[in-house]
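A.B. asks: Input sequences plus hints: build the corresponding full structure.
One line per chain: the protein sequences are A and B, in this order. For the first sequence, the positions run 73 to 501 when the numbering used here is used. For the second sequence, the positions run 73 to 501 when the numbering used here is used.
Simulated from the structure, these hints should not be mistaken for laboratory data. Keep in mind that a hint or two might mislead.
Claimed, not checked - Derived pair list, reagent style DSSO-like, types lysine-lysine, alpha-carbon separation capped at 30 angstroms:
(1) Lys76/A <-> Lys364/A
(2) Lys439/B <-> Lys76/A
(3) Lys364/B <-> Lys76/A
(4) Lys454/B <-> Lys76/B
(5) Lys439/A <-> Lys454/A
(6) Lys114/B <-> Lys76/B
(7) Lys363/A <-> Lys76/B
(8) Lys456/A <-> Lys439/A
(9) Lys114/B <-> Lys454/B
(10) Lys456/A <-> Lys114/A
(11) Lys439/B <-> Lys454/B
(12) Lys76/A <-> Lys114/A
(13) Lys454/A <-> Lys114/A
(14) Lys454/A <-> Lys456/B
(15) Lys76/B <-> Lys364/A
(16) Lys363/B <-> Lys454/A
(17) Lys76/A <-> Lys454/A
(18) Lys454/B <-> Lys364/A
(19) Lys456/B <-> Lys439/B
(20) Lys114/B <-> Lys456/B
(21) Lys454/B <-> Lys363/A
(22) Lys456/B <-> Lys76/B
Given the structure is predicted, the values throughout are model-derived calculations rather than measurements.
2 protein chains.
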Amino acid sequence: MDIKALIQRRERLLGTQMPLFYEEPIHIIRGEGVNLFDADGKQYVDMYNNVPCVGHANPRVVNAMQTQAATLNVHSRYLHEGILDYAERLLGLHAESLSRAVFCCTGTEASEIALRMARAATGGRGIICTDATYHGNSTEVVRLSAASRDPEGNPEIRAIPYPQQYRSLDSNASEAELCALYLANVRAAIDDLAANNIPLAGMMVCSLMVNEGLPDIPAGFMAGAAEMVRVAGGVFIADEVQAGFCRSGRWWGYEESDFVPDIAIMGKPMGAGLPLAGVVARDELVDAFRKKTRYFNTFASSPLQAAVGMAVLDVIEDDDVRSNVNSVGNYLRAALDQLQTDYEPMGDVRSHGLSIAIDWVTDRESKAPDTEGVNRVINRLKEKGFLMGSGGSLRNALKIRPPLIFSRENADAFLTAFRETLQEFYGSA
Amino acid sequence: MDIKALIQRRERLLGTQMPLFYEEPIHIIRGEGVNLFDADGKQYVDMYNNVPCVGHANPRVVNAMQTQAATLNVHSRYLHEGILDYAERLLGLHAESLSRAVFCCTGTEASEIALRMARAATGGRGIICTDATYHGNSTEVVRLSAASRDPEGNPEIRAIPYPQQYRSLDSNASEAELCALYLANVRAAIDDLAANNIPLAGMMVCSLMVNEGLPDIPAGFMAGAAEMVRVAGGVFIADEVQAGFCRSGRWWGYEESDFVPDIAIMGKPMGAGLPLAGVVARDELVDAFRKKTRYFNTFASSPLQAAVGMAVLDVIEDDDVRSNVNSVGNYLRAALDQLQTDYEPMGDVRSHGLSIAIDWVTDRESKAPDTEGVNRVINRLKEKGFLMGSGGSLRNALKIRPPLIFSRENADAFLTAFRETLQEFYGSA
Numbered sequence: 073m074d075i076k077a078l079i080q081r082r083e084r085l086l087g088t089q090m091p092l093f094y095e096e097p098i099h100i101i102r103g104e105g106v107n108l109f110d111a112d113g114k115q116y117v118d119m120y121n122n123v124p125c126v127g128h129a130n131p132r133v134v135n136a137m138q139t140q141a142a143t144l145n146v147h148s149r150y151l152h153e154g155i156l157d158y159a160e161r162l163l164g165l166h167a168e169s170l171s172r173a174v175f176c177c178t179g180t181e182a183s184e185i186a187l188r189m190a191r192a193a194t195g196g197r198g199i200i201c202t203d204a205t206y207h208g209n210s211t212e213v214v215r216l217s218a219a220s221r222d223p224e225g226n227p228e229i230r231a232i233p234y235p236q237q238y239r240s241l242d243s244n245a246s247e248a249e250l251c252a253l254y255l256a257n258v259r260a261a262i263d264d265l266a267a268n269n270i271p272l273a274g275m276m277v278c279s280l281m282v283n284e285g286l287p288d289i290p291a292g293f294m295a296g297a298a299e300m301v302r303v304a305g306g307v308f309i310a311d312e313v314q315a316g317f318c319r320s321g322r323w324w325g326y327e328e329s330d331f332v333p334d335i336a337i338m339g340k341p342m343g344a345g346l347p348l349a350g351v352v353a354r355d356e357l358v359d360a361f362r363k364k365t366r367y368f369n370t371f372a373s374s375p376l377q378a379a380v381g382m383a384v385l386d387v388i389e390d391d392d393v394r395s396n397v398n399s400v401g402n403y404l405r406a407a408l409d410q411l412q413t414d415y416e417p418m419g420d421v422r423s424h425g426l427s428i429a430i431d432w433v434t435d436r437e438s439k440a441p442d443t444e445g446v447n448r449v450i451n452r453l454k455e456k457g458f459l460m461g462s463g464g465s466l467r468n469a470l471k472i473r474p475p476l477i478f479s480r481e482n483a484d485a486f487l488t489a490f491r492e493t494l495q496e497f498y499g500s501a
Numbered sequence: 073m074d075i076k077a078l079i080q081r082r083e084r085l086l087g088t089q090m091p092l093f094y095e096e097p098i099h100i101i102r103g104e105g106v107n108l109f110d111a112d113g114k115q116y117v118d119m120y121n122n123v124p125c126v127g128h129a130n131p132r133v134v135n136a137m138q139t140q141a142a143t144l145n146v147h148s149r150y151l152h153e154g155i156l157d158y159a160e161r162l163l164g165l166h167a168e169s170l171s172r173a174v175f176c177c178t179g180t181e182a183s184e185i186a187l188r189m190a191r192a193a194t195g196g197r198g199i200i201c202t203d204a205t206y207h208g209n210s211t212e213v214v215r216l217s218a219a220s221r222d223p224e225g226n227p228e229i230r231a232i233p234y235p236q237q238y239r240s241l242d243s244n245a246s247e248a249e250l251c252a253l254y255l256a257n258v259r260a261a262i263d264d265l266a267a268n269n270i271p272l273a274g275m276m277v278c279s280l281m282v283n284e285g286l287p288d289i290p291a292g293f294m295a296g297a298a299e300m301v302r303v304a305g306g307v308f309i310a311d312e313v314q315a316g317f318c319r320s321g322r323w324w325g326y327e328e329s330d331f332v333p334d335i336a337i338m339g340k341p342m343g344a345g346l347p348l349a350g351v352v353a354r355d356e357l358v359d360a361f362r363k364k365t366r367y368f369n370t371f372a373s374s375p376l377q378a379a380v381g382m383a384v385l386d387v388i389e390d391d392d393v394r395s396n397v398n399s400v401g402n403y404l405r406a407a408l409d410q411l412q413t414d415y416e417p418m419g420d421v422r423s424h425g426l427s428i429a430i431d432w433v434t435d436r437e438s439k440a441p442d443t444e445g446v447n448r449v450i451n452r453l454k455e456k457g458f459l460m461g462s463g464g465s466l467r468n469a470l471k472i473r474p475p476l477i478f479s480r481e482n483a484d485a486f487l488t489a490f491r492e493t494l495q496e497f498y499g500s501a
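C.D. replies: So this is what it looks like as structure tokens:
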């Protein structure tokens, strides 16, 4: 297969500048478990994809999809028990106060629902987010990503510096002092909205701040921010699209970050590849949203979404996937911490379960981000058969987030290849 | 099965005021072809659902879904031929100028892409739509529906009276005069945006104005409006979510309404129930969009979307579904025209292929909309085993839009039940 010809055909049909991974993109034709296979039969261990959380082509998920599609798949203005059973089970996994669900198809749609819900319920308009966030690609939701670059163009949004400990606002501050510093920015955003006569609707953050680069959030920040926002009349929205469904070793990122949101957004792993996303929230918030918007989504709350979503939960629980995330996550983290002592470019290793970020730097002193270095490592590991990506606010974090069934053997194979790569590029430890 | 208990459970889990059909909602558990079956085994002929265009649980579609899901389903930042083959085939069915595709998951997302594309390519902000439209449920897209009620709250949107012949702006005008009258409203909207220093981005309309009530659009309106918009620097966006995929008897509603758009939006029937939607447009529009937005959609352009979308096209072409739409559509229309001569409440019968609207009125003279009457008919036909809905700008149109495989035998069965219902409610002809 001629990769260049394939890229040209792609540009002709789908347009130029459609995102594509790797210096030499790969042509994947099959997936199974944690493995992907290219057109030449080369096998890759997938350490990038969080959507196929229970493994590529999981037979139970595929079977549930096939069985339901062959039986019934229709919109939600008829009664059907499937979506009720699914909603009940999903809500049962959440904090008790999150008691009603709204389903949709993508994380972007879930973010749209959350924003509309916050505004419908509070009557406010102002939204607080972080300065390195991404919650989706609609006109309204991209405002959150754009607000830090263009505050005047997004007058209802306030972007605060995301809380972190590695490149913090004050390198001499204790964790508690840092928490107070970052909370002061939330306070300032609330006050600035008020000063501009923009009533607060809420604050929206990824529970683990994955796009920001999975920072070590100072303890107490999330609960403190949520409290501040509520006192000011807003609601606190947790984006669980990347943080949820056991990624952190707990069911939800907000458990890992020790707070309870008013609204939680879910997506990516929820349907293991079937477009399935949703929002859970407190009763009165969902009711205010439905009353105000009469929200209806043709493809959502369907028997197909319910059956597939349920199969994903079945596999996670029956196969005790959460224990695997904790044990393999801890194992991998310990090995990476060990490697970090030998390799200067691994400036900071941060993780929650099987979501890991390694902050790649030119040197430990300056902490200058080394995007070129991390990309060299990513492309070399791809050659060696391990797929991962980069991310974070400075684009210099090695982003590791394999399917949740990633095993200790997979981790060992990766660690061997990673050590080899570090040796090739940076010399023996 | 206790319907009331099911409704209560639904309200508890999904919130109150989630849309539900019929005075006595139905509990559907299985679908096959044009038929749906409830929990008591009662069979219904589905004359409402346009999503399962090739029939409920179509075996070829289900098989394509199962086979691909068992093989690979991953995001689009790796190369895959499936989505390229599908894009090429889909683009081949469109006007030659629509040469590149962007895929997403829902009609709302497709509308978002079209709006962002129009604005990215033109640098404009202003959008013209009709005063009875619905293009989706995101914050930005609902502005189009809200603009006629709240023009000041939506300063970049101009809603024009939708063109029609039944309750037209001037009942004495000829069709050509009506066309000129309605085009004058487009002109006025363009001028008003310019007077307010809002550069035009474009105009967005359903090619058959289905939500407006499937009006008989004065000939020449759509092409005339498109020309006006282009001269003013905007692009013309055709919403094919309901109008496309042979619903009208032609592949696209814009062919039926005799114009070529710059951007076309697709959804609903595209994946026969799998969330699959998309946009096709001229090269430079897609490229401007991709360059400006770096659009990426986790679940879209996937091997699964491609396989299912392709299977839908296969069935439509192999089973000559388009011919069926034309022959059954014409047959049904002729019978309804005949019935109209006997029944006063059938104020106006309008159709394109298997999209039919019967404008229900209290009397022919006043043309006063009879929403109660149409709902009584819909609920009675449901009891007799035929599912349809109401719609249109006045909510008084009987909306008929069965799966495209709806047969002449299905039509005869419906016509018998419909005649019976008319006799019951309005006496013998």
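A.B. asks: All hints, please: hold or fail.
C.D. replies: Quick rundown of the hints versus the structure:
1. At roughly 50 angstroms between alpha-carbon atoms, Lys76/A and Lys364/A are farther apart than 30 angstroms, so this suggested pair is violated.
2. A distance of roughly 63 angstroms separates the Cα atoms of Lys439/B and Lys76/A; the hinted pair therefore is violated under the 30 angstroms criterion.
3. Note on Lys364/B and Lys76/A: the hinted pairing holds, with a Cα-Cα distance of about 24 angstroms set against a maximum of 30 angstroms.
4. With a C-alpha separation of about 18 angstroms, the suggested pair Lys454/B and Lys76/B falls inside the 30 angstroms cut-off, and the hint holds.
5. A distance of roughly 26 angstroms separates the Cα atoms of Lys439/A and Lys454/A; the hinted pair therefore holds under the 30 angstroms criterion.
6. Proximity of Lys114/B to Lys76/B is assessed by CA-CA distance (about 18 angstroms); at most 30 angstroms being required, the pair is judged to hold.
7. Our distance criterion of 30 angstroms between C-alpha atoms is met by Lys363/A and Lys76/B, whose separation comes to about 21 angstroms.
8. Our distance criterion of 30 angstroms between C-alpha atoms is met by Lys456/A and Lys439/A, whose separation comes to about 28 angstroms.
9. A distance of roughly 11 angstroms separates the Cα atoms of Lys114/B and Lys454/B; the hinted pair therefore holds under the 30 angstroms criterion.
10. With a C-alpha separation of about 10 angstroms, the suggested pair Lys456/A and Lys114/A falls inside the 30 angstroms cut-off, and the hint holds.
11. Straight-line distance between C-alpha atoms of Lys439/B and Lys454/B comes to about 26 angstroms, which keeps the hinted pair within the 30 angstroms bound.
12. Among the hinted pairs, Lys76/A with Lys114/A is consistent with the structure: their alpha-carbon atoms are about 18 angstroms apart, no more than 30 angstroms.
13. Under the criterion of a C-alpha separation no larger than 30 angstroms, the hint pairing Lys454/A with Lys114/A is consistent with the structure, at around 11 angstroms.
14. A hinted pair counts as satisfied when its Cα atoms are at most 30 angstroms apart, and Lys454/A with Lys456/B does not qualify at roughly 61 angstroms.
15. For the hint pairing Lys76/B with Lys364/A, the CA-to-CA distance comes to about 24 angstroms; that is within 30 angstroms, so the pair holds.
16. About 27 angstroms separates the Cα atoms of Lys363/B and Lys454/A, which keeps this hinted pair within 30 angstroms; it holds.
17. A threshold of 30 angstroms between alpha carbons decides the hint, and for Lys76/A with Lys454/A the separation of about 18 angstroms falls inside it, so the pair holds.
18. Restraint check for Lys454/B and Lys364/A: the C-alpha separation of about 29 angstroms stays at or below 30 angstroms, so the hint holds.
19. For the hint linking Lys456/B to Lys439/B, the alpha-carbon distance of about 28 angstroms falls within 30 angstroms, and the restraint holds.
20. A C-alpha spacing of about 10 angstroms is found between Lys114/B and Lys456/B, which places the hinted pair at or below 30 angstroms, so the restraint holds.
21. A C-alpha spacing of about 27 angstroms is found between Lys454/B and Lys363/A, which places the hinted pair at or below 30 angstroms, so the restraint holds.
22. At most 30 angstroms may separate the alpha-carbon atoms for a hinted pair to count; Lys456/B and Lys76/B meet this at roughly 21 angstroms.
The earlier numbered hints that this structure contradicts are 1, 2, 14.
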